[in-house]
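A.B. asks: Listed here are the chains, written in short residue letters.
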Amino acid sequence: MIGDSARTIRLGLKSLMLHKLRSTLTTAGILFGVASVIAMLAVGEGASDESLQRFRALGVTNILLRSTRPPDTQQSTQQSSFQAMAFGLLYSEARRIKNTLPEATVVQVREVPRNVTHGENFKSTIVVGTEPLFLDVANMSIGEGRWLTDTDVLHQSNACVLGASLARTLFPLENPIDQTILAGAEDRFRVVGVLKGQGRAAGPAGTTYDECVFTAISSSRRRFGDEIRTSSGGSFKNERVELHEIKVRVESEQQVQPAAAVLREMLDPAHKQLADLEITVPLELLRDQERQKRMFNLVLAVIASISLLVGGIGIMNVMLATVTERTREIGIRRALGAKKKNIVFQFLVEAAVLSALGGVVGVALGMIVPWGITEFFAQKTIIRPFHVALSFSISAFVGVVFGIYPAWRAANMDPVEALRHE
Amino acid sequence: MDTNAGLQATASDAVDNRRPIAEFRSVHRHYVMGDNVVKALNGVSVQVREGDYLAIMGRSGSGKSTMLNILGCLDRPTSGQYLVGGRDVSQLDDDALSDVRGREIGFIFQSFNLIPQLTVLENLEVPLFYQNRVGPESRAKAEKLASRVGLGGRLMHKPMELSGGQQQRVAIARALMNDPLFLLADEATGNLDSNTEREILDLMDELRQEGVTIVIVTHNPKVAERADRVLWLKDGVVESLTETERGKSHGASA
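Protein sequences appear in the order of chains A and B.
Under our numbering, the first residue of the first sequence carries the number 11, and numbering increases by one thereafter.
Under our numbering, the first residue of the second sequence carries the number 156, and numbering increases by one thereafter.
No lab work stands behind these hints, which were simulated from the structure alone.
We put the CB at the ideal spot given by N, CA and C, even for glycine.
One thing to keep in mind: the hints can contain errors.
Unchecked claim - In silico contact screen, one side only, chain B against chain A (beta carbon under 10 Å); selected entries:
#	residue
1	229
2	230
3	260
4	283
5	286
Stated by the list, open to error - Cut-off 30 Å, straight-line C-alpha distance, at most; resulting in silico cross-link-like pairs (DSS-like, lysine-lysine):
#	chain 1	residue 1	chain 2	residue 2
6	B	313	B	194
7	A	350	B	194
8	B	313	A	30
9	B	296	A	351
10	A	24	B	299
11	A	282	A	247
12	A	349	B	299
13	B	296	A	350
14	A	349	B	194
15	A	351	B	313
16	A	247	A	133
17	B	313	A	24
18	B	403	B	377
19	B	296	A	24
20	A	349	B	296
21	B	313	A	350
22	A	349	B	313
Let the sequences and hints guide you as you build the complete structure.
C.D. replies: Quick look at the structure:
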């Protein structure tokens, strides 16, 4: 039986070779269907994987509260040169959060932009003042030396920890540990540790934590104060921000939503007017992303069905033509002992071979396209073997389904009539 | 016509111990065309025994084609019986009839009917393919039969690369592939020139000498006179069943 099938497949190929152009055009329908499904899935998977990873890096049990600069108004720009604009989270709010959510880990973060220099090397970056628990909450780890301790906070020490890429920038050849760096004009810090590289882990606006310097929050406050002078568009602006971020980590995913609700209720009234607070719940983003992905897959399934339907109709059309053209062959085969089912099988195999050929080339094309997208557009793509197998089997299945009617028609011809056919 | 004037000799004259190959027992085949019933065959009885060479003649509309179709198990009688090798096949279903065609009957057609995209060898193997008998043996057999009909070196050719006479030789070899009970030829030489026609008829004579049973449907007297007996059909009934000169001499020598 296996030998017979191989023979029938070979026969099918042979018959298809009789009309190379026609067969090629017909398979093209399936080909592009399969290729586009694989390519789209790969791009979709890549994009959603990227954002899922980003949201995971934020921590699925975290709630991130960020101070945001209020939208510029006429009034605030006029004020700016004389008076610091105060906005964002307050130390008192951090304390209230700690009291309200005693189970949660609350980490305060201050972000002060500074030029950081060591000898000839310098980088314009952000000095992050924070607490020892930051390391856990941000899912980071120490590469060399040590991290900040409670003692550093207590003594407002000059210890600092460098992000991995900042360490490379400032100390391309030396060991950074125990070296001194200069932040801004006069503030010196002693490097006590270097973080492991985080890759694309989230960081303060415009940078990643890999490029930042970390110090105790008390040191940051003492050295830099709460007023920060920034320059934008040639004019200086003074801003007064106590805390740039409060990271809240709850104990389990189940507690994320209730805690987020509590925090919103607590903080929204004070910050609504200025719109200077942004609450990010990575878990919500994650869920949104997953929902989006399901939606995307659904849309994709519809597109795939349509393209495969079109391809299938093409196959049916060609198979009907083939059956008509080969009426006499069918008659001959019937006269020589072929049963109806033999004829059905022969034409089904031919239709399946036709669409499977499209499937094979489609799979190849569908794998090349995402590669090209990754290569030329730097867009991450992921090809899942399951998707490839699925698209291919659907293509073969389409061939069989749309081959049924032509094959049935072939088999049910009257052999006498078929033999008489010119 | 000479053959018409021949003796009304049938096998019933003497006890015939040869195996019955194909037998019509009062076969009717009626077609319903609207309100009319066309009686293409209206009670035909004839027996073909092993080694027979029977020609079926008749003008168009005589029921010749209908008889051919029923003989070839491509059609079923409306009533009456058709026995192949002693077995009544008149009520068999489509699959069973396909099997009878595939095992017991060797078709030879007027227009050769080789499958164009297949090679000679593959064409020869088609009848065995439907009986799951394709393999080294079928290949050996195809080679043997191809050389038997004088086409030993053409196994890998496509039908279009062969002359009409060569194609018909392939078709004859194909008809023999399944060791059929009888060859059923439909105007086997109708598409050939007279030289080739003679060659093909000679080949069939040789086969007949080797004991192959042949039934040939024709309107060509030259073809019919090669047979032992000629059955004349007219309006769906047997007008005459006569022994030819050749048949008489065979009978004498047998």
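A.B. asks: Provide an ascending list of the numbers of those earlier hints which the structure does not satisfy.
C.D. replies: Number 6 only.
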